[in-house]
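Protein chains in written order, with this note's numbering: chain A, 1 to 334; chain B, 1 to 301; chain C, 1 to 327.
These are calculated hints, taken from the structure and not from any lab test.
Each hint should be verified, as a subset may be incorrect.
[Said to hold, decoys possible] On the chain A side, residues computed to face chain B include the following (Cβ under 10 Å):
#	residue
1	Val27
2	Asn191
3	Ile310
[Unchecked claim] Pairs of lysine to any residue residues, derived as SDA-like cross-links and limited to a Cα-Cα distance of at most 25 Å, are as follows:
#	chain 1	residue 1	chain 2	residue 2
4	B	Lys37	A	Gly244
5	C	Lys92	A	Ile248
6	B	Lys129	A	Ile248
7	C	Lys127	A	Gly244
8	C	Lys92	C	Ser156
9	C	Lys125	A	Ile134
10	C	Lys79	C	Gly63
[Claimed, not checked] Stretch-level coverage of chain B by chain A, calculated; a stretch enters the list once three of its residues show a Cβ under 8 Å from a Cβ in chain A:
#	segment
11	44 to 58
12	207 to 218
13	225 to 239
14	262 to 270
All C-beta atoms, glycine included, are put in the ideal place defined by N, C-alpha and C.
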Amino acid sequence: MGRYVLRRLLLMVLVLFGVSVIVFFIVHVIPADPVGALLGGNAPPQLVDQMKHQLGLDKPIWAQFGDYMLGILHGNLGISLKSNRPVTQDIAEYFPATLELAIFSIIISVALGVVLGILSAVYRNSWVDHFSRIFSILGVSMPVFWTGLILLLIFYYILGWLPGTGQLSLFTIPPHRITGMLLLDSILTGNWEAFRDGLAHIILPAAVLGYSATASIARITRASMLDVLRQDFIRTAKAKGLSGRVVIYRHALKNALIPVVTLIGLTFGSLLEGAVLTETIFGWPGLGRYIVNALLVLDYPAIMGGTLFIALMYSLANLIVDLTYAVLDPRMRI
Amino acid sequence: MKSITIEKRGKLRDFIARRKPIIEDWKHTLYLWKSTKLAMIGTVIIVIFILIAIFAPIIVPYDPISSNMSARLQPPSWDHLFGTDQFGRDIFSRVIVGSRIELWIIFLVSLISGGLGTFLGVVAGYFGKFVDEIIMRITDMFLAFPSLVLAMAFAAALGPSLTNTIIAISVVGWTVFARLARAEAMKIKKQPYIEAIRAVGAGNSRIMFLHVLPMCLSPVLVQLTLRMGTIILTAAGLGFLGLGVRPPLPEWGSMVSDGRSYLVAQWWISTFPGIAIAFVVLGFNFLGDGIRDIMDPRLRR
Amino acid sequence: MRGDLLDVRELKVVFYTYRGIIKALNGVELWMNHEERLGLIGETGCGKSVTSLSIMGLIEQPGEIISGDVYFEGKSMQKMSMEELHDMRGKKISMIFQEPVSALNPVMRIGFQVAESISRAKDIKIKEAYPEVLKMLELVGLDSKRTASLYPHELSGGMAQRAMIAMALSSNPKLLIADEPTSALDVTIQAQIMELLDELVREMGNAVILITHDMGVAAEFCDKIAVMYAGNVVERASTVDIFEEPLHPYTKGLLKAVPKIGQSKELVGITGTVPDLVNPPTGCRFHPRCPYAMNKCSQKMPPLIEAKPGHHVACYLYTQEGEHNAN
Ligand SMILES: Nc1ncnc2c1ncn2[C@@H]1O[C@H](COP(=O)(O)OP(=O)(O)O)[C@@H](O)[C@H]1O
Ligand code: SF4
Ligand SMILES: [Mg+2]
Numbered sequence: 001m002g003r004y005v006l007r008r009l010l011l012m013v014l015v016l017f018g019v020s021v022i023v024f025f026i027v028h029v030i031p032a033d034p035v036g037a038l039l040g041g042n043a044p045p046q047l048v049d050q051m052k053h054q055l056g057l058d059k060p061i062w063a064q065f066g067d068y069m070l071g072i073l074h075g076n077l078g079i080s081l082k083s084n085r086p087v088t089q090d091i092a093e094y095f096p097a098t099l100e101l102a103i104f105s106i107i108i109s110v111a112l113g114v115v116l117g118i119l120s121a122v123y124r125n126s127w128v129d130h131f132s133r134i135f136s137i138l139g140v141s142m143p144v145f146w147t148g149l150i151l152l153l154i155f156y157y158i159l160g161w162l163p164g165t166g167q168l169s170l171f172t173i174p175p176h177r178i179t180g181m182l183l184l185d186s187i188l189t190g191n192w193e194a195f196r197d198g199l200a201h202i203i204l205p206a207a208v209l210g211y212s213a214t215a216s217i218a219r220i221t222r223a224s225m226l227d228v229l230r231q232d233f234i235r236t237a238k239a240k241g242l243s244g245r246v247v248i249y250r251h252a253l254k255n256a257l258i259p260v261v262t263l264i265g266l267t268f269g270s271l272l273e274g275a276v277l278t279e280t281i282f283g284w285p286g287l288g289r290y291i292v293n294a295l296l297v298l299d300y301p302a303i304m305g306g307t308l309f310i311a312l313m314y315s316l317a318n319l320i321v322d323l324t325y326a327v328l329d330p331r332m333r334i
Numbered sequence: 001m002k003s004i005t006i007e008k009r010g011k012l013r014d015f016i017a018r019r020k021p022i023i024e025d026w027k028h029t030l031y032l033w034k035s036t037k038l039a040m041i042g043t044v045i046i047v048i049f050i051l052i053a054i055f056a057p058i059i060v061p062y063d064p065i066s067s068n069m070s071a072r073l074q075p076p077s078w079d080h081l082f083g084t085d086q087f088g089r090d091i092f093s094r095v096i097v098g099s100r101i102e103l104w105i106i107f108l109v110s111l112i113s114g115g116l117g118t119f120l121g122v123v124a125g126y127f128g129k130f131v132d133e134i135i136m137r138i139t140d141m142f143l144a145f146p147s148l149v150l151a152m153a154f155a156a157a158l159g160p161s162l163t164n165t166i167i168a169i170s171v172v173g174w175t176v177f178a179r180l181a182r183a184e185a186m187k188i189k190k191q192p193y194i195e196a197i198r199a200v201g202a203g204n205s206r207i208m209f210l211h212v213l214p215m216c217l218s219p220v221l222v223q224l225t226l227r228m229g230t231i232i233l234t235a236a237g238l239g240f241l242g243l244g245v246r247p248p249l250p251e252w253g254s255m256v257s258d259g260r261s262y263l264v265a266q267w268w269i270s271t272f273p274g275i276a277i278a279f280v281v282l283g284f285n286f287l288g289d290g291i292r293d294i295m296d297p298r299l300r301r
Numbered sequence: 001m002r003g004d005l006l007d008v009r010e011l012k013v014v015f016y017t018y019r020g021i022i023k024a025l026n027g028v029e030l031w032m033n034h035e036e037r038l039g040l041i042g043e044t045g046c047g048k049s050v051t052s053l054s055i056m057g058l059i060e061q062p063g064e065i066i067s068g069d070v071y072f073e074g075k076s077m078q079k080m081s082m083e084e085l086h087d088m089r090g091k092k093i094s095m096i097f098q099e100p101v102s103a104l105n106p107v108m109r110i111g112f113q114v115a116e117s118i119s120r121a122k123d124i125k126i127k128e129a130y131p132e133v134l135k136m137l138e139l140v141g142l143d144s145k146r147t148a149s150l151y152p153h154e155l156s157g158g159m160a161q162r163a164m165i166a167m168a169l170s171s172n173p174k175l176l177i178a179d180e181p182t183s184a185l186d187v188t189i190q191a192q193i194m195e196l197l198d199e200l201v202r203e204m205g206n207a208v209i210l211i212t213h214d215m216g217v218a219a220e221f222c223d224k225i226a227v228m229y230a231g232n233v234v235e236r237a238s239t240v241d242i243f244e245e246p247l248h249p250y251t252k253g254l255l256k257a258v259p260k261i262g263q264s265k266e267l268v269g270i271t272g273t274v275p276d277l278v279n280p281p282t283g284c285r286f287h288p289r290c291p292y293a294m295n296k297c298s299q300k301m302p303p304l305i306e307a308k309p310g311h312h313v314a315c316y317l318y319t320q321e322g323e324h325n326a327n
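Bound-form chain A, shown alone (with noise of 0.2 Å):
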């Protein structure tokens, strides 16, 4: 076991050195002209090369590489162009409101996920079976921006039975940043009206963002149940004289959940990319529009640090389902 945690954390750093390497590449390599986007198509030629030059652009790319990669190491991601900011600053800012987003929408997937993939395995080819895979399939087929306009069209403008966008009305106070998470430091300060309106601004985001993860959740776990509903060991449970209840929830559910927890880590990617565009629809002050907008004006500084640190959590994300599944597994543990 340990042997495993730590041949999969040399992995880990073997991977985020590549991936170091691939985004300075994209932005380095492939002609791209962030100074001409932050001056704008018509400034002087003298003033680009001073900028240039204060950007360390005029250096030759692999001097620019080293840079780079020593700036990592220590942690540093550079100064973003737009703010001006460390980018690991802005980072610290955003990154809360879409940990936050994502968790609220990694709970609603899961539940529901979970529960229509059990229902359509034990109840295979019913109606039950039929509903839960059409509503999921429905889910990944719908692009998750267009179905958020839709429902800030229907529950905000025309209903008005939610907020709009951001994650707080205008008028509520906001609560004292500890976390940076708005509900958890509504929470712990005692803010019960902020932590009233932000619970009413991140249900539409997280339930845009919950339905389209949900559906690989309900087919992996239907699969899986599937698979394990069949296995001999079930019919030995039958043959005890169990009752299909407890066949399927004491003997069943607990195999046929091991690989569903594989795909929450998938899904947390799945999440952060839907965050993405989710954050953009709704305004939510999230790491996912901070790229957006970093890569809509070409701020590089921003661009690769938001996207390495989004790999890093994903990574990260990845070596935490593979440990719980070896854990949860007994055949795993050596």
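With chain A held as given, fit chains B and C with the ligands onto it using these hints.
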């Protein structure tokens, strides 16, 4: 001369004979496909989509590109089935012509990412050892990004355009095929007949591309079908964010984005292209889900 | 009633598959008394496992019992409620399987799995069953304390089968069904397991259905033998009668592969292969392979009749009708 042709024929027959199980397999698959409702519905949707793309120029009632300010922001009516946008363009016509753009993206991305992935996968699986290690670690690195995020970065760095959208999505998407083709190539490499062919004097590249590669194709093709829905969603996502296909080209994602600021009073601008995306992706996902059922070895007895 | 413990009457079971409808059981007739040991033999795919699962009431999608019934102690299983069925499995019939390791739940400790059986059989809480668990594990010759805390993958095949036996016998069932309990095990272990079963069943007085490929084992272990072919019981008699005086052509063919009683040998020895049960032969399903086949044989299924006292066979060679037609 004659003996050579006979030998060739023998080889051909041999070639076909070896692939017979695959052909049988496909026949069986066809049979299963016919009995899987979801796959059928999906296929119908996709066929409609392709037909629309082919006959778009005949179907469209209006010019999808040039603006007509006198007909701005009209709600859906018999003249304009889906209404008009802020430039007075007929949304129905734009959605119809947009199908060609989406189809083109699907086609090229599948070709490039499928081709690149299969090639690298076969090379990795065939040579094994060092080559394999390198290619697979590179795959891991690409897989460490959520794919839309990486595609966004590529698209932005390259500059938003149709071509760059295609490049960005392809560069991000090849990893799946590489892993598949590698696993398949490793299996095939161990077959005794590959050894026999080598003994006859065939070189590595000959064996790889003539004998191993063709056997890897069916799982890759299946996976390609499964991923086509995702390709459209990614392209549309890029378009929506302004990092993909640029206006005035009627890419569906960017059309949804066009209508954002008019959402409340002119809901139709964003709604119809969104429905078009959902419809086509649904078609691919129905087909994909059906295929997954069909491929389920437990159902094949 | 033919048997006071179990009576299977004209049982027909089919499986709906993509390939077509598999007519797995074609009117099986089988019966046995308390404390009897019945061997069920026949080539792979002839329906032995399906028969045993039917007796357990465990035929499920895509399978279906389309006609016939199983009577256990005189009660129709088709008419039993869910609860009665569960109770019957928990308390009166147990089963052990071919692959002991995969028949145990991989994420539960052995002790828990045995305890579950005991709690079900004696209507006590699972926790209260642990003393009994240790007793049962000891009874089957396992290091009880240690084994109870292990997971199935940590056991060898032989140990796992012992644990299965402990589980199955913990309810002291009226009937134990053992479906090829030793086929997946090493040869040396096979004998040990059969010895253990023999000993325990003798002490506890359970009736046993032993499904096996091994004619030698069947001869040693069983009082009665039923021979199955392609979904039918084609012959049933005492072990001695079957081996000394087989009547059915199929049984004769089977026995040619076994030179002497007591010597293990796999079933081979008959020309041709087991028929495809999607399109089974008409009439007597054995007729394409039968050296004595007559016209009549391909037209109507021969009934299982008592050709001699206590010796039943389904073959036109032994019916009046058949003889008429043959002449
Ligand atoms: N779950 C199932 N699905 C489809 N066919 C089955 C199933 N179980 C058994 N069968 C079919 O029923 C027939 C009898 O099988 P079985 O009883 O397992 O034979 P055996 O005598 O070797 O135990 C076989 O043709 C088999 O293919
Ligand atoms: S009934 Fe006919 S075919 Fe069947 S075993 Fe008897 S003789 Fe042979
Ligand atoms: Mg069997």
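Evaluation of the provided hints:
Interface restraint check: A:Val27 against chain B, minimum CB-CB distance 6 Å, threshold 10 Å, status holds. Given the 10 Å rule on beta carbons, the hint for A:Asn191 is violated: about 31 Å separates it from the nearest Cβ of chain B. The beta carbon of A:Ile310 comes within 6 Å of a beta carbon in chain B, closer than 10 Å, and the hint placing it at the interface holds. Annotation: proposed proximity of B:Lys37 to A:Gly244 is violated, straight-line Cα distance about 29 Å (limit 25 Å).
About 23 Å separates the Cα atoms of C:Lys92 and A:Ile248, which keeps this hinted pair within 25 Å; it holds. The hinted pair formed by B:Lys129 and A:Ile248 fails the criterion: a straight-line CA distance of about 44 Å is larger than 25 Å. The hinted pair formed by C:Lys127 and A:Gly244 meets the criterion: a straight-line CA distance of about 21 Å does not exceed 25 Å. Note on C:Lys92 and C:Ser156: the hinted pairing is violated, with a Cα-Cα distance of about 28 Å set against a maximum of 25 Å.
This hinted pair does not check out: C:Lys125 and A:Ile134 have alpha carbons roughly 42 Å apart, beyond 25 Å. Taken as a hint, the C:Lys79 and C:Gly63 pair is honoured in the structure, with Cα atoms around 18 Å apart against an allowance of 25 Å. Under the rule that three or more residues need a Cβ within less than 8 Å of chain A, the assignment of the segment 44 to 58 of chain B is violated, with 0 such residues. Coverage of a stretch by a chain is defined here by at least three residues with a beta carbon nearer than 8 Å to that chain's beta carbons; for the segment 207 to 218 of chain B and chain A the count is 0, and the condition is violated.
Only residues whose beta carbon comes within less than 8 Å of a beta carbon in chain A count, and the segment 225 to 239 of chain B has 4; three or more means the coverage holds. Residue count for the segment 262 to 270 of chain B with a Cβ under 8 Å from a Cβ of chain A: 4. That meets the three needed, and the coverage hint holds.
In this structure, the hints that do not hold are numbers 2, 4, 6, 8, 9, 11, 12, in rising order.
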